[in-house]
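Chemist: Listed below, chain by chain, are the residues.
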Amino acid sequence: MSAQFEPVILGFLCNWCAYAGSDLAGVSRLQYPPNMRVIRTMCSGMVHPRLVVDALERGLDGVIVMG
Amino acid sequence: MILIQVITLAERLGVHRNTIRNWVKTGKIPARPAPGRGLLLSREDFQRLCQEFALDPGSLNPRELALAETREVVTVPVALALHASEQPERSRLPITFQEAVMSDKVVGSVLVVGGGIAGIQAALDLADSGYYVYLVEKGPGIGGKMAQLDKTYPTNDCAM
Amino acid sequence: MVECGRHLNIELLTLSEIDTISGQPGNFLVTLRQHPRYVDMDKCIACGLCSQKCPRKVPDEYQMGVGTRKAIYISYNQTVPLKYVIDKDHCIYFQKGKCKACEKFCPTGAINFDEPEEVRTVNVGSVILAPGYKPFDPTGFDIYNYEQLPDVVTGLEYERLLSASGPFQGHLVQPSTGREPKKIAWIQCVGSRNKACGNGYCSTVCCMYAVKQSLVTAEHLHGDDIQQTIFYMDLRAHNKEFERYYNDAMAKGVRFIRSRPHSVDPGEKNIGARIYYVTEDGQQVREDFDLVVLSVGLEAPADALELAAKFGLKLDQYRFADTSSFAPVLTQREGVYVCGAFSGPKSIPRSVTDASAAATAAAKNLVTARGTLTKEKTYPPERDVSGEEPRVGVFVCSCGINIANTVNVPEVVDYAKTLPYVQYVENNLFSCSTDTQVLMAEKIKEHNLNRIVVAACTPRTHEALFADTLREAGLNGYLLEMANIRNQNSWVHQQSPEAATAKAKDQVRMAVAKALRDFPLQRLSVAVSQRALVIGGGLAGMTAALDLADRNYETVLVEKSDKLGGNAWFLNKTWKGEDIRTNLQVLIAKVENHPKIKVLKQAEVKSVSGSVGNFQSDIIVAGRTETVSYGIAVLAIGAEEYKPNEYLYGQDARIKTHLEFDAELRERSAQVAKAGSAVFIQCVGSREPERMYCSRVCCTHSVHSAIKLKELNPDMQVFILYRDIRTYGKREDLYTKARELGVLFIRYDLENKPKVRKEGDNLLVEVVDPIVQMPVTIPADYLVLASAIVPRQHEQLMELYKYNVNTDGFINEAHPKLRPVDSLVDGLFLAGLCHHPKPINESVSQAMAAVSRAGVILAKERMSLDAIKSYPTEKCDGCALCVDVCPYMAIKVEEYRDNGQVHRRIVTDKALCKGCGLCAATCPKDGVEVHGFTMEQLQAQVDAVVAGFAQAGA
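Protein chains in written order, with the numbering used here: chain P, 111 to 177; chain S, 364 to 523; chain E, 1350 to 2303.
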């Protein structure tokens, strides 16, 4: 691991808003740190709590659900 | 078809409105009742009526309707017709309009001029309901003025 | 917009102008002049290199001149078509004969300096004109000093200043200094309601856009010393939810000053501006502002005259297309229709409504030719991949340099080869190009691939394209996954290529993990009933029924009372002077005699089942029940006049509501003419805490009636007591005329409403005149109350169709701007007063628009629904936890027998389900899942992330 702490963050993004917003951030070339991994969902309400708990238990540093 | 009001005819003839209605029922007046206390009759019948009772046609305040002249069923014309005095003047062909040279065939496509939000909506509706659309835009891309707006009220949604 | 660019049945002809038109309705021949783009649309892949290399900077018209673009450019990032264009007037090569930098750098050889102008002829059945508007240019009006002062901007320029895609990335700055402004002023009615500049009309939208800008600005700026001021004459917040929005702005501290500033001078050291104005009570004020926004109006586009001449249309004195209230999109030329701001300034939702209405009008004449020119795509039969081991193909896109400049693409390709079940990996310069699609299809067949991963841009824009390619190659379109390594990677991590490459690998791994668990899904196909139900037999309902029937759809019109016509029976004339009853009679005759319309009077909808495409209802008609099945329904249940309990209404025969006074004018005009004075009180029941909306029609109606009174008897004293006169659009001319005729307008405040009392036989109205600041007492022979429009009782219908209403009881539309006639229930459309108060022309337009939207559904005999839907698994035990969370009410519980035992489980209605997966997240036992987004698939992606994390940590 590099000397500096680099968290891995799991993102669940709603296809209709947050995922679209994330795409637009790209179109607008807004720069942000490359630590997030995105899973596209049809709605942020689709994210089962079990998935979130599981991800955290297995060592991911953060989970963000956007929608 | 000509539309007149029962009350106008009653006043002109100096009889009660119900008398007029009875005459219509018995066929003495060749008309049929129309919504809003009106009477519908063909142009010929209207003229005959005026002659018979020596009435000035104008005094009956007749309205000409763009309805086909049939006895039983009134069929519906294509356009939403306005009554005669308000019918927009069908402008004769201006110079750029040549006399129609093509066949009477109806073509299943539509030309939409302008690629702003209105043009786009019209094009999408038509293309989605079975018509081929040519969307003509003066500029290099569509989107119009709305693409320039930051947000829209009252929900402050993004305009794109 | 993107939809439009991709539509199989829409041909985009950009840079084109109409040359000539000939022929007749149903069969026009139109020649178009297409100017050269100098960029080959088939070759340009919008990589942006040309623009980067172009040495010529040009003021950017998209940014309203605030900022620059190049001579080869796209207007903005999401432009459609996304193809570059050379601006000949500024291109160095075209002007000086040398340069061609773009040609040198274009990777696909798309630049063509020799492209000629083309002339094209198209054969069409109808024409719709929507040339839009032009913002008023305040240049040359010295009172505003717009040219001289950098800190005086127009409304549209200010939009760009606020926008995140604007020249300052959404940081609001004062143009002269680059600092954040503290005091901002808006001046309303610049280029509107002003005979001096030739525009006597009201531009309708500026009040609200200024209020919006002030509220958005409040989100941008922070600090206690921020002050925003709007200088206005009448605040016209008349559309749905606008009044609340306006009140919100007042509550948030935006200062509203009723005054038209008479001059704008430079501020100190030429920074900011100094505004001179006179307050309502007559004080002269001089005030400094950091930034002044001119709320410029909307004008007819410059080419309107030309267009009108070519098509033989009549324009009004302001060069807007002249249309009638009962046929708001029809022109004098049959077969040619208008919509949008071309027929008068209007807001976005009204433009959209008009556009759909024009589509209906245009389609109606062409019913016999429907479907003759449209294309439909056909695909080869699908290969059965069940039982096959997954064979994954990965296509990694470089997107020119868009991805490859940041992400090490060869490394990603090599990595993808190491993943399980991956059989084939390839790098494309542009995965989306047409030739790559052909190649992809070949590779799928050659390597017998059965799962495809495309690592490129976003699935939101390109999934459909690649799914199509899969289908052309004989694969089910749902066997595709995309890894978004451009929008969510290379474009946003330009500074850290290594981390970006690592992320891209993770993204590909996640996509492959999900793809392995993809299964072929079938889009649902349901038959569409080709019949329509219209509820409400007023003007809107009848218009909708007639247009549906004219478009050849069997229509049932349900009317509660025993008479068609609704509220229109109580009105005399439209504001344009058209006789309402005559037009109504014509319409009723047509509706009642139309062979395709079945009119049910004294009828009520009693039950509703099914969903879009397949509704069924029991309708009680005068005691008996009729069952109707239909594909769509139009709600046009209208609204009614508020019966006031204020201003002594009901206690004196001289006090009347608008509708009552119309009857008086109709039946006893001789008596009305004898009156010595008449007083109108506006906003009776509207714009008050319990009814926080504007009823929209009352100002115009009072002004119109006042003119009528003055015409009957010029000596009559006519007063209108108002809060803001909202004669929007071209109705402003009536207001001007009323004042010229001597109608007296006295403004009152909500806190200080007029008082009505009786002294003996005299009816007296007392109001505080804001100019003299004294109460005045007016004796009234007639007191007309402009009472509100209130929604009808419709709880039962609401319960049946599950549509919803806003706080005021008006039915909600699906989107306030873009889908103003669709309700939130699929297949249910809105028209007329039940949506919001509106005048006749807007009701008619909305009814026609509802037909157009309905036509989209009815056009197909079968309807295809997306396959991403929830479905119960065998683990479901019918606990019903999911039933309540489903926002679309698509889940029901059923009982079934198995081995003599009664069990419960859920059933989902695929037509109602939107695939949101709330049920799946609620279920404690995996009893319900969503196709394409199963728990297993989401878990597999989580696992893939965790695996990468473990690897990196090791």
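These are computed hints drawn from the structure, not numbers from a lab.
Where is the CB? At the ideal position from N, CA and C, for every residue including glycine.
Honestly, I wouldn't trust all of these hints.
Claimed, not checked - Derived pair list, reagent style DSBU-like, types lysine-lysine, alpha-carbon separation capped at 30 Å:
1) 388/S x 1449/E
2) 1724/E x 388/S
3) 1544/E x 391/S
4) 468/S x 1531/E
5) 508/S x 1912/E
6) 1392/E x 1449/E
7) 1531/E x 508/S
8) 1437/E x 508/S
To be verified - Derived list of chain E stretches under chain P, where covered just means 3 residues or more per stretch with a C-beta under 8 Å from a C-beta of chain P:
9) 1825-1836
10) 1883-1894
11) 2253-2266
Chemist: Each hint: holds or not?
Modeler: These are the hints, each one checked on the structure:
1. 388/S x 1449/E: violated, 86 Å
2. 1724/E x 388/S: The given pair, whose Cα atoms are some 55 Å apart, is violated under the 30 Å limit.
3. 1544/E x 391/S: With a Cα-Cα distance of about 58 Å, the restraint between residue 1544/E and residue 391/S is violated, given a limit of 30 Å.
4. 468/S x 1531/E: violated, 65 Å
5. 508/S x 1912/E: violated, 44 Å
6. 1392/E x 1449/E: Judged against 30 Å, a Cα distance of about 17 Å means the pair holds.
7. 1531/E x 508/S: holds, 28 Å
8. 1437/E x 508/S: holds, 23 Å
9. 1825-1836: It holds, with 3 qualifying residues against the three required.
10. 1883-1894: n = 0 at 8 Å, threshold three: violated.
11. 2253-2266: Holds: 4 residues of the stretch 2253-2266 of chain E have a Cβ under 8 Å from chain P.
Hints 1, 2, 3, 4, 5, 10 from the list above are not met by this structure, while the remaining hints are.
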